[in-house]
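Sequence lines, in order, name chains A and B. Sequential numbering of the first sequence, starting at 1173, is according to the working numbering. Sequential numbering of the second sequence, starting at 3, is according to the working numbering.
It is possible that part of the hints are untrue.
Stated by the list, open to error - Some chain B residues near chain A, calculated using beta-carbon distances under 10 angstroms:
{"no.": "1", "residue": "Asn306"}
{"no.": "2", "residue": "Ser307"}
{"no.": "3", "residue": "Glu358"}
{"no.": "4", "residue": "Leu380"}
{"no.": "5", "residue": "Ile385"}
{"no.": "6", "residue": "Pro388"}
{"no.": "7", "residue": "Ser398"}
{"no.": "8", "residue": "Glu400"}
{"no.": "9", "residue": "Gln401"}
{"no.": "10", "residue": "Arg403"}
{"no.": "11", "residue": "Thr404"}
{"no.": "12", "residue": "Glu407"}
{"no.": "13", "residue": "Ala408"}
{"no.": "14", "residue": "Glu411"}
{"no.": "15", "residue": "Gly415"}
{"no.": "16", "residue": "Gln416"}
What the hints assert, rightly or not - Lysine-lysine pairs mimicking BS3-like chemistry, simulated, CA-CA at most 30 angstroms apart:
{"no.": "17", "chain 1": "B", "residue 1": "Lys338", "chain 2": "A", "residue 2": "Lys1296"}
{"no.": "18", "chain 1": "B", "residue 1": "Lys360", "chain 2": "B", "residue 2": "Lys211"}
{"no.": "19", "chain 1": "B", "residue 1": "Lys12", "chain 2": "B", "residue 2": "Lys211"}
{"no.": "20", "chain 1": "B", "residue 1": "Lys211", "chain 2": "B", "residue 2": "Lys177"}
{"no.": "21", "chain 1": "A", "residue 1": "Lys1296", "chain 2": "B", "residue 2": "Lys360"}
{"no.": "22", "chain 1": "B", "residue 1": "Lys338", "chain 2": "B", "residue 2": "Lys360"}
{"no.": "23", "chain 1": "A", "residue 1": "Lys1345", "chain 2": "B", "residue 2": "Lys18"}
{"no.": "24", "chain 1": "B", "residue 1": "Lys338", "chain 2": "B", "residue 2": "Lys177"}
{"no.": "25", "chain 1": "B", "residue 1": "Lys190", "chain 2": "B", "residue 2": "Lys220"}
{"no.": "26", "chain 1": "B", "residue 1": "Lys190", "chain 2": "B", "residue 2": "Lys36"}
{"no.": "27", "chain 1": "B", "residue 1": "Lys22", "chain 2": "B", "residue 2": "Lys211"}
{"no.": "28", "chain 1": "A", "residue 1": "Lys1371", "chain 2": "B", "residue 2": "Lys360"}
Since the hints were derived computationally from the structure, they do not count as laboratory data. Don't be surprised by glycine CBs; every beta carbon is placed ideally from N, CA and C.
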Amino acid sequence: MAERWFVGVDIGASVTKAVLLDETGNVRARACRNSGADFLAAAQDCLQRVAAGVDSVPEQLERIVATGYGRGSVQQALSRVTEITCHARGCYESFPQAITIVDIGGQDNKVIAVTAEGDRHNFKMNRKCAAGTGAFLEEIAGRLDTPLAGLSELADRATGHVELGSFCTVFAKTELLRLIAQGTPVPEIAKAAFRSVVKRIVEMDPLAGQVVMTGGVVAHHRIVVDLVSDAIGREVLVPDHAQYTGAYGAALIAREA
Amino acid sequence: MADRKEASIKKIAAIKTMRKLMAGHFYELDRAVKEGYPKIAWCTSVGPAELLRAMGFLVYFPENHGAMLGATRMATETIPAANAIGYSPDICSYLTSDIGAFVQGRTPLSDAYEGIESIPKPDVLVYNTNQCRDVQDWFAWYGHHWSRPVIGVESYRNVGEVTDVHVAGIAGQLKALVPTLESITGEKLDMDRLREAVRLSRECSDLWKAVLETAAAKPAPLTFFDSTIHMAPAVVMRGTQAAIDYYNELLPELNTRVAEGVAAVEGERQRLYWEGMPVWGRLRDLATQFLELGTAVVASTYANSWIFTALDEQEPFESMARAYTELFIVRSDPYKEAYIEEMIDTFSVDGIIFHEAKTCPNNTNCLHGMHLRLHERLGVPSIIIPGDLSDLRCYSDEQARTQIEAFVEQLDGQSRRQAMATPA
Chain A
1173 MAERWFVGVD IGASVTKAVL LDETGNVRAR ACRNSGADFL AAAQDCLQRV AAGVDSVPEQ
1233 LERIVATGYG RGSVQQALSR VTEITCHARG CYESFPQAIT IVDIGGQDNK VIAVTAEGDR
1293 HNFKMNRKCA AGTGAFLEEI AGRLDTPLAG LSELADRATG HVELGSFCTV FAKTELLRLI
1353 AQGTPVPEIA KAAFRSVVKR IVEMDPLAGQ VVMTGGVVAH HRIVVDLVSD AIGREVLVPD
1413 HAQYTGAYGA ALIAREA
Chain B
3 MADRKEASIK KIAAIKTMRK LMAGHFYELD RAVKEGYPKI AWCTSVGPAE LLRAMGFLVY
63 FPENHGAMLG ATRMATETIP AANAIGYSPD ICSYLTSDIG AFVQGRTPLS DAYEGIESIP
123 KPDVLVYNTN QCRDVQDWFA WYGHHWSRPV IGVESYRNVG EVTDVHVAGI AGQLKALVPT
183 LESITGEKLD MDRLREAVRL SRECSDLWKA VLETAAAKPA PLTFFDSTIH MAPAVVMRGT
243 QAAIDYYNEL LPELNTRVAE GVAAVEGERQ RLYWEGMPVW GRLRDLATQF LELGTAVVAS
303 TYANSWIFTA LDEQEPFESM ARAYTELFIV RSDPYKEAYI EEMIDTFSVD GIIFHEAKTC
363 PNNTNCLHGM HLRLHERLGV PSIIIPGDLS DLRCYSDEQA RTQIEAFVEQ LDGQSRRQAM
423 ATPA
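Input sequences plus hints: build the corresponding full structure.
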């Protein structure tokens, strides 16, 4: 009898991720790519790649759960579940205890409360504003003429304490111009951008108990974890492959369905 | 998890009558403008409509027009015109969409009713600030534009218990309107006509209350989204026999649904309370989403705001004053919280959606921690959806969709756990 695969596909605003589990719940394949303008194509590509990872083809992937902004695009999905539930499920699998999850995504941030039994009992999302999200960092990297991937490396070189006070991405960019005009070193400005992200996060919620951080921003910019840890005065946990947590949670839900 | 099902909104048969009624209402106003008689009074939603009807005015409600601008999404195009002449995008989007539409020479009435070219020009504009101060500013703009008198009532706010002092204060202001109104109509106020208008208004209110209370049944025969449509006669025709006749048609239809177990939302799993203004431009989208999620929004503060059980024909001015002051929007937070608690109990509510309307802080009750206090006291979960009544620039479809879906997933999870914990 052919082995059964369980797949979670997370079509995020910026990046689409897929995770494939085997029957025992082990991760057997992962794939990601930019979501671009065609969510379905991004999802199909990721599904194809995780299927290839187990010498299979997408048609054999019977149990797929789709999540993320583009979850409605995946017609062959068994069900569609919000990324809030999927992140909660994925994080709890890695850290089976009462946790407060902070997911920093491309377009929005979420704070999700999970009980010691794994029940998601509350959540918050950022407002209709990109401040404090991955999109904000993309904007800042662009303004500093630096590749996004190198932004945290730049920030690591900062030695001072520069802050952006504005609430809003557009105003923050105006502040940035002022800093540039004043001759503030670029690493200081880069770190100020990350501080700004963290300020938006701690404004969303008191972040009680054990904090776990997930999402692409966390996966690629560990400085955000360190800054959140500094802000709350406690250690922050990060699951392996933090960018894939939503897709992983979706795959776990597919397996449990 | 929330699997989506193909779903369509169940039509309420009485809607045909309502459409005819509403057409009649607007054509009557249009005819009055063209013929110069009867006189037209503009009135805020809980302004002294009974008094105006008793004095022979046809009554036009600009907030209803604001809702139409929102529902047709014309507001999105007209608000910027009001912003451009100096009205802030942060104030009431009924006001900005309405004034913007006037500046642009547009109205959704023209699209809905052939031959109507404009909103009806008033002979007098009468406000009650129980909704907000914005209505006064709104009327002031038109009053200035057309050189028409703007008169009204300044309401109390943050009212705990409604006392005789409140009632005397508002009743006094209502009586003070009469000489100006008499000077416009050229006729003295006939107290018998006022008593009759108050009686009709009360009867309409009682029927509307009974309509909304049918949703206490499980499954609910109508939802908040239905009520935002079917409330129209209670809003624009209270104090008339036509409104009463309409609810005498609607109520039996809903009672039949209850008797036959007909659900507005097939497979109703969760029951929610909507606190705050509707998102007029997304009513259908939201109604459909909740339908797909097997979730019925069974009650709301908003639709309940046209229930005036204090109206009493024996004491017309005093009872109008009491009814307008008992309104949820002017009450203190402790009163509001007790009110919502009663609604949660009456309608078996599983969760609350607070709509944080960007341009309507007066009708937004989650800004000062009410959602937290209710959760702490009652354990009822809630979410806050940032948005607006008419300005869709303040509303993110995708974020709202995800929040609502995630909330229902959370409630479904809680229901499953409760079911597992309950011995067979």
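These are the hints, each one checked on the structure:
no., hint, result
1, Asn306, "violated, 27 angstroms"
2, Ser307, "violated, 26 angstroms"
3, Glu358, "holds, 9 angstroms"
4, Leu380, "violated, 15 angstroms"
5, Ile385, "holds, 8 angstroms"
6, Pro388, "holds, 5 angstroms"
7, Ser398, "holds, 4 angstroms"
8, Glu400, "holds, 6 angstroms"
9, Gln401, "holds, 6 angstroms"
10, Arg403, "holds, 9 angstroms"
11, Thr404, "holds, 5 angstroms"
12, Glu407, "holds, 5 angstroms"
13, Ala408, "holds, 4 angstroms"
14, Glu411, "holds, 5 angstroms"
15, Gly415, "holds, 6 angstroms"
16, Gln416, "holds, 7 angstroms"
17, B:Lys338 with A:Lys1296, "holds, 24 angstroms"
18, B:Lys360 with B:Lys211, "holds, 28 angstroms"
19, B:Lys12 with B:Lys211, "holds, 21 angstroms"
20, B:Lys211 with B:Lys177, "holds, 28 angstroms"
21, A:Lys1296 with B:Lys360, "holds, 18 angstroms"
22, B:Lys338 with B:Lys360, "holds, 20 angstroms"
23, A:Lys1345 with B:Lys18, "violated, 54 angstroms"
24, B:Lys338 with B:Lys177, "holds, 29 angstroms"
25, B:Lys190 with B:Lys220, "violated, 50 angstroms"
26, B:Lys190 with B:Lys36, "holds, 25 angstroms"
27, B:Lys22 with B:Lys211, "holds, 22 angstroms"
28, A:Lys1371 with B:Lys360, "holds, 23 angstroms"
Consistency with the previously given hints fails for numbers 1, 2, 4, 23 and 25, ordered from lowest to highest.
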